[in-house]
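Hey, can you work out the whole structure from these sequences and the hints?
Spelled out from the first residue to the last, the chains are:
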Amino acid sequence: MNKEMYLVRRLVLIAICASIIIVGKLIFLSIPNVEVVTFFLIIFSLIFSVKEALAIAIIYTIVEIYMFSFSEQFYIWSLIVIATSLVKKIFKENFQLWAIYSGFFGLIFGTLSAIPFFLFYEYFAQNIPKETGRLTMLAYILKGLPFDAIHMVGNYFIMLLLGEYVYKLFKKLTKQFLLERGD
Amino acid sequence: MLKNKIIISVLVLILAVGIIVCYKMIQKSQGQKGWKEITVEVVVGDDINKITFKTNKTMLGEALDEQKLIKTMSSVYGRYVVGVKDLKKNDGSFIEADFEKNGTFWFIYINEAAAEVGIDDYAIKDGDVIRFELQGGNE
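First to last, the sequence lines map onto chains W and S. Mapping the first sequence onto the working numbering, position 38 (from 1) lands on 38, and the numbers just tick up by one. Mapping the second sequence onto the working numbering, position 58 (from 1) lands on 58, and the numbers just tick up by one.
Hints should not be assumed to be uniformly reliable.
Unchecked claim - Dumping the calculated DSS-like pairs for lysine-lysine here, alpha-carbon to alpha-carbon at most 25 Å: (1) S/K50 <-> S/K5; (2) W/K168 <-> S/K125; (3) S/K50 <-> W/K143; (4) S/K125 <-> S/K57; (5) W/K143 <-> S/K36; (6) W/K25 <-> W/K3; (7) S/K125 <-> S/K101; (8) W/K143 <-> S/K101; (9) S/K24 <-> S/K71; (10) S/K5 <-> W/K171; (11) W/K168 <-> S/K88; (12) S/K33 <-> W/K143; (13) S/K5 <-> S/K33; (14) S/K5 <-> S/K36; (15) S/K36 <-> S/K57; (16) S/K36 <-> S/K88; (17) S/K101 <-> S/K89; (18) S/K5 <-> W/K89; (19) W/K168 <-> W/K25; (20) W/K143 <-> W/K92; (21) S/K57 <-> W/K143; (22) W/K143 <-> S/K24; (23) S/K5 <-> W/K92; (24) S/K125 <-> S/K33; (25) W/K92 <-> S/K3; (26) S/K71 <-> S/K28; (27) W/K89 <-> W/K143; (28) S/K101 <-> S/K71; (29) W/K88 <-> S/K5.
Stated by the list, open to error - The following residues of chain W were derived to be distant from chain S, with all beta-carbon distances above 10 Å: (30) N2; (31) K3; (32) S49; (33) K51; (34) I58; (35) F70; (36) S78; (37) K92; (38) I115; (39) M152; (40) V153.
Simulated from the structure, these hints should not be mistaken for lab results. Positions of the beta carbon are idealized from the N, C-alpha and C atoms, including for glycine.
Here it is as structure tokens:
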């Protein structure tokens, strides 16, 4: 297979992976704070390079904004990819650790979502008291704590129960797809 | 390996339950004890009707239930209001919203600001004004 075909196949894989995340998001939409986006982003970050995994995260973010409107969570998916790429050499294929890592992101999800509020009020909103940003951020975090707890449990158990199996499956399928001879 | 997985899983569950329990306890402790006077306004179009009453309940949902002012349904997010007592007729009937049928829903304001939590998560304070406004509706 020539280099161009190989690159095209990688591009197709990125698109397919983003689609998988979108479908996963839609399936769990009715269950609050249970999502597989974090799960798949971690898995794809383990299999692909940082650039490719970021491309998947960005495509997903764009589609999410299109489908559900812009939200304060827009940057979190890319952050998960970058953080995963940084720790994957330490955790390697230990899915107990990845489950804790995924649960941790679930727990701090509310805090990460609150940061844009703080930044907006602190630096962009005019004629608003300085402490509004900090108070808004704090109120947002505290109100969301029970949901973050549920998010943590959901993320942890999804990764613990499915992580290793899905990772090995995707790794095998990716390798097959990339090395398959085209006609 | 399996033993470690089980231990960590149990710890995660304990942590989650601990966070939820602490949150509920802090919320309840922020509620004022004793009797409080609150006003409930029901707004349907230009029609505004009010009722003021005293309650010693801590959370808004309990206080409204006590006065039989609301009809609710349960969801994964908690209880939500589907009917509010018709204060104009005052015959015990309810003004019901049906989002799926006609696109209407009850919007709740607490002291002129949109409610940020459900009725069972708001700890009432003396002097609170709770407004139920019927919104939406297919044209």
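Checked hints:
1. S/K50 <-> S/K5: violated, 56 Å
2. W/K168 <-> S/K125: violated, 55 Å
3. S/K50 <-> W/K143: violated, 29 Å
4. S/K125 <-> S/K57: Roughly 10 Å separates the two Cα atoms, so the pair holds.
5. W/K143 <-> S/K36: Holds - the C-alpha atoms of S/K36 and W/K143 are around 24 Å apart, at most 25 Å.
6. W/K25 <-> W/K3: violated, 33 Å
7. S/K125 <-> S/K101: violated, 35 Å
8. W/K143 <-> S/K101: Violated: W/K143 and S/K101 sit about 32 Å apart, past 25 Å.
9. S/K24 <-> S/K71: Distance ~23 Å between S/K24 and S/K71 Cα, so the pair holds.
10. S/K5 <-> W/K171: holds, 24 Å
11. W/K168 <-> S/K88: Violated - the C-alpha atoms of S/K88 and W/K168 are around 65 Å apart, more than 25 Å.
12. S/K33 <-> W/K143: holds, 22 Å
13. S/K5 <-> S/K33: violated, 44 Å
14. S/K5 <-> S/K36: Status violated; Cα separation ~49 Å.
15. S/K36 <-> S/K57: OK: S/K36 and S/K57 at ~8 Å, within 25 Å.
16. S/K36 <-> S/K88: Cα-Cα ~24 Å, so holds.
17. S/K101 <-> S/K89: Roughly 24 Å between the alpha carbons, so the hint for S/K101 and S/K89 holds.
18. S/K5 <-> W/K89: holds, 21 Å
19. W/K168 <-> W/K25: holds, 21 Å
20. W/K143 <-> W/K92: violated, 35 Å
21. S/K57 <-> W/K143: Status holds; Cα separation ~21 Å.
22. W/K143 <-> S/K24: holds, 10 Å
23. S/K5 <-> W/K92: At roughly 17 Å apart (the allowed maximum being 25 Å), W/K92 and S/K5 satisfy the hint.
24. S/K125 <-> S/K33: holds, 9 Å
25. W/K92 <-> S/K3: Given pair W/K92, S/K3 holds - Cα atoms ~21 Å apart, limit 25 Å.
26. S/K71 <-> S/K28: holds, 23 Å
27. W/K89 <-> W/K143: The hint is violated at about 35 Å.
28. S/K101 <-> S/K71: holds, 17 Å
29. W/K88 <-> S/K5: It holds: about 20 Å lies between the C-alpha atoms, which stays within 25 Å.
30. N2: Check passes; 44 Å lies beyond 10 Å.
31. K3: holds, 42 Å
32. S49: holds, 30 Å
33. K51: holds, 32 Å
34. I58: At roughly 30 Å from the nearest Cβ of chain S, W/I58 sits farther out than 10 Å, so the non-interface label holds.
35. F70: holds, 19 Å
36. S78: holds, 26 Å
37. K92: holds, 15 Å
38. I115: Per Cβ check, W/I115 is outside 10 Å of chain S; nearest 19 Å; holds.
39. M152: Answer for W/M152: violated, closest chain S Cβ roughly 6 Å.
40. V153: Not fine: 5 Å to the nearest Cβ puts W/V153 too close to chain S.
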